[in-house]
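Enquirer: For the record, the sequence lines run as chains A and B.
This note's numbering puts the first sequence at residues 1 to 114.
This note's numbering puts the second sequence at residues 1 to 114.
Worth double-checking, as some hints may not be accurate.
Stated by the list, open to error - Listed below are the simulated DSBU-like cross-link pairs for lysine-lysine, each with C-alpha atoms no more than 35 Å apart in a straight line:
no., chain 1, residue 1, chain 2, residue 2
1, A, Lys-41, B, Lys-16
2, A, Lys-44, A, Lys-22
3, A, Lys-22, B, Lys-70
4, B, Lys-106, A, Lys-9
5, A, Lys-44, B, Lys-3
6, A, Lys-36, B, Lys-70
7, B, Lys-106, A, Lys-41
8, B, Lys-73, A, Lys-36
9, A, Lys-36, B, Lys-106
10, A, Lys-67, B, Lys-109
11, B, Lys-70, A, Lys-40
12, A, Lys-41, B, Lys-109
13, A, Lys-36, B, Lys-16
14, B, Lys-109, A, Lys-40
Note that these hints are calculated values from the structure, not bench results.
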Amino acid sequence: DTAVSQTPKYLVTQMGNDKSIKCEQNLGHDTMYWYKQDSKKFLKIMFSYNNKELIINETVPNRFSPKSPDKAHLNLHINSLELGDSAVYFCASSRRTGNYNEQFFGPGTRLTVL
Amino acid sequence: AQKITQTQPGMFVQEKEAVTLDCTYDTSDQSYGLFWYKQPSSGEMIFLIYQGSYDEQNATEGRYSLNFQKARKSANLVISASQLGDSAMYFCAMRETGSEKLVFGKGTKLTVNP
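With these hints in hand, go ahead and build the complete structure from the sequences.
Expert: Structure, rendered in C-alpha cells:
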C-alpha cells in the first residue's frame, strides 16, 4: 500500500547513457513533482505536473524530460548522462487545491554516473 | 537571496531533552505555508508538521511543535523529549501562494546522544 513509489531505487550507469526513473502514486493526487537532492543534501524542485500538464519547469538542462502518461504517473527521462547528474531524485505528489499542500515523497532514486 | 535559511548545519542533543531547530524565511506574500520534513539516514523524506501563515496558533504534532513568529519570519521546530530515532536531517520548506513548489532550506543534521 505504498503511497508514492519509485523505480529503480538505485541506478548506476556510464556517462553518455540514457536512463529513466519511474514514479507512481496511489493517493489520488493530481499534482506530481520531481526534486533533485545533491551531494550536500540540498533539495531543489525540477518539474511539476498537474493533471498531466507541466506547471513547473525550473532551470534544468533539456537532457531531462519528464513525462506524465496519467495523473498517477510521472516519469523522468535523462539523456546523455553526465557526472554531475549523480544525485538522489525524489518524486512527490500532492493535492493542488487548498492552502495546505503537504507533499508526499517517494523513497528516492540514487543515480550514480560513472 | 535565500528564501529559507537554516543556520545550524549540525545540532546535538541529549536523549530526553528538548531541541529547537531554527528556520527563517523570506517572502513578500501574505499567504504562505511552512513545512518541516525529516530525512533519516535511510533517505526517505517524512512530513512532520505544517504552519499556515494565517494560523493564529502554533502547530503541534505529538512531540513536534512549531514556534511561529510571523513578524520575525521565523518558524522554528521544537522537538520535545528527544529520542535516538530523532537523529536525522531536518528540512524547513516554504510554499508561497500560487506556487506549487516547495522551497527547501539546506537542512540541519540532528544527532541525539544517549
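Enquirer: If you check each hint against the structure, which ones fail?
Expert: Hint 3 alone not satisfied by this model.
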